[in-house]
Amino acid sequence: MNDQSRRFHFQRTTDITGVSGTGRVADGVLWPDGTVSVRWAGERPSTVTWDSLADAEAVHGHGGHTVIVWDDPEPAPAGDCPHCPDGHTPADRGSQTWGVWVGPERDSDGQPMTIHVARSGGAHVAESDAEWIRARLNPAEEPSVPQPRPFTDTGRLGRGA
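According to my numbering, the sequence shown holds residues 183 to 343 in order.
Where hints are given, some of them may not hold.
[Said to hold, decoys possible] Each pair of labels, with its calculated beta carbon distance range:
(1) Thr231 - Met295: 45 to 55 Å
(2) Pro294 - Asp254: 25 to 35 Å
(3) Ala322 - Arg301: 38 to 48 Å
(4) Thr229 - Glu313: 37 to 47 Å
(5) His247 - Thr279: 32 to 42 Å
(6) Thr196 - Gln293: 34 to 44 Å
Think of the hints as simulated: they come from the structure by calculation, not from any bench.
Cβ atoms here follow ideal geometry from the backbone N, Cα and C, with glycine treated the same way.
Assemble the whole structure, with the sequences as input and the hints as a guide.
Here you go:
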């Protein structure tokens, strides 16, 4: 059982009943207790709750003509940070979102030089958080062995870091 909800939608390739149409026909939520809520689109929208995702798929899957597409990534397992009650909130989820802002540092022409990224609410971050952000900013980088990158002497990530 997971501790947070996860959104999905039903994508239909063939409308065998002639009622819902094709494409994105419904939006849903898988709740932490395993129940599912589905909101149907169209001229006569409705909402239904199922005991499980398997039940909803059995009724609405129409033999593979309708598939579940996840809108939220699968939650990552928590790490083992001794400072976090949950083991350390993974970078891609958690109640303390990421904030991003342009820093006050300027070059000789007065242009901004840094972008600051931090967890909201004063939550601490780990090297794994920096690696997660770095991988999204530089997707072409695929180091064979992850190498820690040093912080600049001012404590901020330097340009290109």
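Hints, one by one, checked against the model:
Under the hint 45 to 55 Å, the C-beta atoms of Thr231 and Met295, about 51 Å apart, fit the expected range. Taking the beta carbon of each, Pro294 and Asp254 are about 32 Å apart, inside 25 to 35 Å as hinted. For Ala322 paired with Arg301, a C-beta distance near 26 Å fails the hint of 38 to 48 Å. At roughly 40 Å, the beta-carbon separation of Thr229 and Glu313 lies within the given 37 to 47 Å, and the hint holds.
Distance hint check: the CB atoms of His247 and Thr279 are about 37 Å apart, consistent with the given range 32 to 42 Å. Under the hint 34 to 44 Å, the C-beta atoms of Thr196 and Gln293, about 54 Å apart, miss the expected range.
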